[in-house]
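Put chain B on the given structure of chain A with help from the hints.
If you read the sequences in order, they're chains A and B.
Be aware that the first sequence starts at 0, since it is given in numbering that gives the first Met the number 0, and climbs by one per residue.
Be aware that the second sequence starts at 0, since it is given in numbering that gives the first Met the number 0, and climbs by one per residue.
Honestly, I wouldn't trust all of these hints.
[Claimed, not checked] Simulated crosslink set (PhoX-like; lysine-lysine; CA at most 20 Å straight-line): (1) A:Lys228 - B:Lys287; (2) A:Lys316 - A:Lys228; (3) A:Lys190 - B:Lys229; (4) B:Lys228 - B:Lys287; (5) B:Lys287 - A:Lys207.
No lab work stands behind these hints: they were computed from the structure.
These numbers were taken from a predicted model, which means no experiment stands behind them.
2 protein chains.
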Amino acid sequence: MEHDITIKQVTTGKAKPDYNHLSFGKYFTDHMFVMDYNEEDGWFDARITPYEPLLMDPSSLMFHYGQSVFEGLKAYTSQKGGIQLFRPEKNFNRMNISSDRMNIPEVDPDFLVDALKQLLHIDRDWIPVEERQSLYIRPFIIATEPALSVKPASQYKLMIILSPVGSYYAQSDQMSPVSIYVEDEYVRSVKGLVGFTKTAGNYAASLKVQQKAEDLGYDQVLWLDAIEKKYIEEVGSMNIFFKINGEIITPALNGSILDGITRDSVIELLRYWGWNVHERRISIDEVKQAHTDGVLEEVFGTGTAAVISPVGRLKWKDEELVINDNQTGPVSYDLYDTITGIQTGATDDILGWTVPLQEQET
Amino acid sequence: MEHDITIKQVTTGKAKPDYNHLSFGKYFTDHMFVMDYNEEDGWFDARITPYEPLLMDPSSLMFHYGQSVFEGLKAYTSQKGGIQLFRPEKNFNRMNISSDRMNIPEVDPDFLVDALKQLLHIDRDWIPVEERQSLYIRPFIIATEPALSVKPASQYKLMIILSPVGSYYAQSDQMSPVSIYVEDEYVRSVKGLVGFTKTAGNYAASLKVQQKAEDLGYDQVLWLDAIEKKYIEEVGSMNIFFKINGEIITPALNGSILDGITRDSVIELLRYWGWNVHERRISIDEVKQAHTDGVLEEVFGTGTAAVISPVGRLKWKDEELVINDNQTGPVSYDLYDTITGIQTGATDDILGWTVPLQEQET
Chain A
0 MEHDITIKQV TTGKAKPDYN HLSFGKYFTD HMFVMDYNEE DGWFDARITP
50 YEPLLMDPSS LMFHYGQSVF EGLKAYTSQK GGIQLFRPEK NFNRMNISSD
100 RMNIPEVDPD FLVDALKQLL HIDRDWIPVE ERQSLYIRPF IIATEPALSV
150 KPASQYKLMI ILSPVGSYYA QSDQMSPVSI YVEDEYVRSV KGLVGFTKTA
200 GNYAASLKVQ QKAEDLGYDQ VLWLDAIEKK YIEEVGSMNI FFKINGEIIT
250 PALNGSILDG ITRDSVIELL RYWGWNVHER RISIDEVKQA HTDGVLEEVF
300 GTGTAAVISP VGRLKWKDEE LVINDNQTGP VSYDLYDTIT GIQTGATDDI
350 LGWTVPLQEQ ET
Chain B
0 MEHDITIKQV TTGKAKPDYN HLSFGKYFTD HMFVMDYNEE DGWFDARITP
50 YEPLLMDPSS LMFHYGQSVF EGLKAYTSQK GGIQLFRPEK NFNRMNISSD
100 RMNIPEVDPD FLVDALKQLL HIDRDWIPVE ERQSLYIRPF IIATEPALSV
150 KPASQYKLMI ILSPVGSYYA QSDQMSPVSI YVEDEYVRSV KGLVGFTKTA
200 GNYAASLKVQ QKAEDLGYDQ VLWLDAIEKK YIEEVGSMNI FFKINGEIIT
250 PALNGSILDG ITRDSVIELL RYWGWNVHER RISIDEVKQA HTDGVLEEVF
300 GTGTAAVISP VGRLKWKDEE LVINDNQTGP VSYDLYDTIT GIQTGATDDI
350 LGWTVPLQEQ ET
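Just chain A, with the same shape it has in the complex (with noise of 0.2 Å):
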């Protein structure tokens, strides 16, 4: 797949917000990647615009069936000079996996990282340059034919929109341990549905529970696996580790859990540090006796928002395990302090996961 990219800029910029006080995902920058799909040119018109509303039709398919796929990644300002990716080929290939769970056509994933590329060298000063800080890039898929008819859509709109952001949590300490509530009577997918794809629909169905575990107290849902209510899948929107008596486990990719690009990051970065890292099945009563007996070490989440999240308190029947005394553990912070710092260049790459964006515009 080969396109050009046209390029329309703005003549003036938006004012920037408050870098200080940057909500997730609120503010946008002056431009997007646009481009469309249909039955005869394929995917077409790849083009750079100034940041703007869409015009759809009320009968879009996205309106009424939900045919979308997303991802998430950030650029991030170097410490030492230039503006970096993280491992963007993994989100653009795992997007293409998602798309052929939806019926959704697929996308050259070089071309999207070029494209990405493009767009941020347009947007750079958009990027921010504070710790903590980065430009969140989200692109997404989304069905825009008008038809009512259950059915694969023939045209698509693809979209990459950036968004500068501060820490995904509210507080200002990114790892202040949060709270989580185990839920047992809603689920989060199954085996056979859709849940290792980034689709919209996962995300509409978790709104309830996570509100439950608010109402409740806890800032965050641990999901049960839906046919034995036991096995853990993941927290949120996070995949979850466990450190249990000096070796760490997380649950395997089992068809209904993300395959997390930070949760990858945190295997390979584990066992080049010399972890045992398991990845199977583990049951929330095995985490229970872990905790009785005294080995439950660490719970932690990973996600590109949060990077590592470490659990303090797992909220479970009558019951609350409160891990490492509510502290953030060694390995959280540990992995943390490599992931980020490799992610700003405060760290050396040693695993080789960023990408500087100024090879590509030479």
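Okay, now just chain B, sitting in the frame of chain A:
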């Protein structure tokens, strides 16, 4: 909830499509109903406007996390004169049930029935008069707040759009039996998820399997439960009924299947006629055994679009069960004839299901 509905009509209506060649949900009438929601005002600015594209911010939550609900019902030209609706209050009540699961604010069903009647009155010359034609009505709510955080939106848009339709199936004879592929790898939903709601994501997730069924030469998919891959859930986007040895069986409402209004009407009508109707779990093995024993007399799907859709062939693993010699059975035929008769005024409304448009106009 009381709202004034402001009305802005087109000066000149669109050209109407050829009513003898109507695809499902492809043509829309001159007007639509729209209402907005925000946290300060609740639902506000109820209006009937020309049918026109929406301006949507690229960050609108619907595009990313799919928070939405919809309904489907029909208006008919009665053979006794006038226009009538079929159990519209049930659709708007069910929309609130879906909304509750999807964290969307509820709407007064009586107000929406009234709003729909006003909209239908304005677009009344779009309502088909021929047999088997009707005006399909699509109410839906989408999350419009521009934000990328995973949370219930603070802004929504409710719309009702109208589309003249012929038969849902391409063939002119509605009652020609469909062939069904029984899926045992992918699933539609599971208890604890959102299968009982009409929300966009349920339909997006089904597309791949519908495609698989078509590739194998079958019209639609029969879904099994996600846990034991054994109990029958729905067919395509319809509920399903089995006539076995003189009794009628349909899967019970279990949290993962839709509480279909045609399903409810079929059960009520069958009981009115004196049939034994059982709402219970039914396994694919029981269906197969009934076929082997020569007592699988009829199978049919029920839904607003098709009303009754007889099933002639059922593909399950290596076997194909042919039902009633691949002919429409008498119960399927009587149900179709009676329900469409009631809907179109050809048959007395013995169960009080229809709502005339005129009452509201006084």
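Name the hints, by number, that the structure is in violation of.
1, 5
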